[in-house]
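Chemist: Residues per chain, in single letters:
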Amino acid sequence: MKLAFACLVFGLALLPAVATPFFVNFVMTQTLILGLAAATIVFLAKYGGMISLAQLLMVGIAGFMYGNAALDGGARGLNLGWHPWAAAGFAILVTTLVAFVLGAIASRSTGIYFLMLTLVYGVIGYFVFAQIVEISGPGGITSIQRPELLGPPVLLYYAGLLLSVAAYAGFRALGRTAFGLALQGVRDDPVRMASLGFNVPLHRALAFALAGFVAGLAGLLNVWWNGQIDPASISIGPTLILLIIAVIGGISSLKGAWLGAFVYVLVLTYLRDLPLVDRIGLTEARFNTVIGVIVLMIMVLSPEGLTGIVHKIRKQFGETRP
Amino acid sequence: MTPVVQVHDVTVAFGGLHALRGVDLDIAPGERLAIIGPNGAGKTTLFNVIAGDIAPTTGAVVIKGRDCTHRPSRHRPRLGLARTYQKARTFSGLTVCENIYLALAGHRGRHRTLWRSAADRRMRQEAAQVAGQVWLSGQLDVVAGELAHGQRRQLELAMAVAAQPDVMLLDEPASGLSRGERERLVELIESLDEQLTLLLIEHDMEVAFRVAQRVIVMADGRQVMAGSPDQVRADPHVHQIYLGTEGA
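Here the protein sequences line up with chains A and B, keeping their order.
Residues 1 to 322 in the numbering used here are what the first sequence spells out, letter by letter.
Residues 1 to 248 in the numbering used here are what the second sequence spells out, letter by letter.
One should not assume that every hint holds.
[To be verified] Computed list of lysine to aspartate or glutamate pairs in DMTMM-like fashion (alpha-carbon distance at most 25 Å, straight line):
1) B:K87 to B:D141
2) B:K87 to B:D120
3) A:K312 to B:E146
4) B:K64 to B:E146
5) B:K64 to A:E304
6) B:K64 to B:D24
7) A:K312 to B:D67
8) A:K315 to B:E146
9) B:K87 to A:E304
10) B:K87 to B:D230
11) B:K64 to B:D120
12) B:K64 to B:D9
13) B:K64 to B:D141
14) B:K64 to B:E194
15) B:K64 to B:D53
16) A:K255 to A:D188
17) B:K64 to B:D220
18) B:K87 to B:D235
19) A:K2 to A:E304
20) A:K2 to B:D53
21) A:K315 to B:E190
[Stated by the list, open to error] Distance windows between CB atoms, simulated:
22) B:A13 to A:L266: 58 to 64 Å
23) A:L14 to B:R124: 46 to 52 Å
24) A:M297 to B:T57: 22 to 28 Å
25) A:V133 to B:T58: 34 to 40 Å
26) A:V191 to B:E206: 56 to 62 Å
27) A:V191 to B:A226: 26 to 32 Å
28) A:V191 to B:E126: 21 to 27 Å
29) A:R108 to B:H237: 41 to 47 Å
30) B:G138 to A:V123: 48 to 54 Å
31) A:K312 to B:Q213: 45 to 51 Å
32) B:A226 to A:V120: 18 to 24 Å
33) A:L8 to B:E126: 53 to 59 Å
Hints listed in this document are in silico derivations from the structure and should not be mistaken for laboratory results.
Even for Gly, the Cβ is constructed at its ideal location relative to N, Cα and C.
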């Protein structure tokens, strides 16, 4: 397993040498960003039993905060004109704090109620940015530059790869620490955890803050990659897309988040290039229908998403081998 | 000697339903007390009030001289109180070792470390030791959700024992156990520290009377009788409650 993971990371690190710049800088960078954001949904679901629809909001908050802090003169937003790295730190700090507060408010809810509450966060967040134009535009913040260090697009790809690997390994390792085990205890039986002396709501809030922190990193990459951010990008549609990415990959599989993102970006990018798709009416406007059918097929075939399918195939192979 | 646990005139009402109607109870340090009574008598509710899972409607709970009536259950372990649940509430996605580890971590307030320290390793070793006490050494790395029913009860008990409490509340530890398993359970309870205060809800009279020094009989939210196991066994009123001759 570890060897396969190392090979994969090594392969991805060498990818820019063999693949086209479009594939690396467009397809793969976007995959890594969306995967990193979706991984925070998986982290909360897998270890905390919390399905959050507020993770894209965290991505958006980090993006807007960076845009407001880093730009100066002429551009839209607050134009604070800070140093890019100071702006990045500020964006992450604000995102994490907001996540902690929102997590604390939701920390006594579970299951469908938690899901609904985080959906409400997403909707409120969207309207906050859509209506307070001083911090979002009007019509979005544009021409956002990334720090000089990440100037060439390929370096952004490497930043995405580095953060993705760190998040994946970090979440995995966290699962075996006292905090991670306690979080899983909270998932399995919060009443018992309380009687063992744990502060259950605090644990949930801290986990939510941690997920917000990582989603904030994805938000920074996203705004550096896009060069702009507008309220529509965190509206309800994209919010659901992020959840769908997590579901395609398998909601309880961390690597599934990136797998789901890869499939999503592939469909998004190459669907229109397939021969004959125009003839059967699959224009870009029907893209969501295609994604919907894919999700439906995956859910029917394997509730654990693509990761579940991979596991099944591997099992079959293992059994037929002598 | 001042009691370790005092329950003063506790009433618990769920809407119009009175689960407890004015229960008084003093438990001396080191005492072994069994609570028996038919289903719906309020035994588990009384446990939940003492353990802090339910706040009483009226009345007070004092543990080691501290008023704990409205303190949530998470403050109890630091007062030296541990409990088990009637239906085993283990963490089904975690291993036996991790379940016991969490019991230790909760007691010591080590909830939020993000790295695995030397103290952490010691706690895992301790967890393995405690697992040995309840004959689960062979299942250390088995996920709790995959344990047999009897083993899950052993684990439940291990999680209470792990924190080395002064007061332990056991809610029907013998329910659903085979004869042999019950025998081991009694053996285990008898092997616990003599200083330990033990409160036990039990339907199995044999277990209750062997372990306890004092037996309380509850019915319909009230304490109807208290006495030594022999006294309770001989009491005709207790027979009546259990066999239901009244109003049948």
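Chemist: When the structure is checked against the list of hints, which entries are broken? Sort them ascending.
Modeler: 2, 4, 5, 7, 9, 10, 11, 13, 17, 18, 20, 21, 23, 24, 25, 26, 31, 32 and 33
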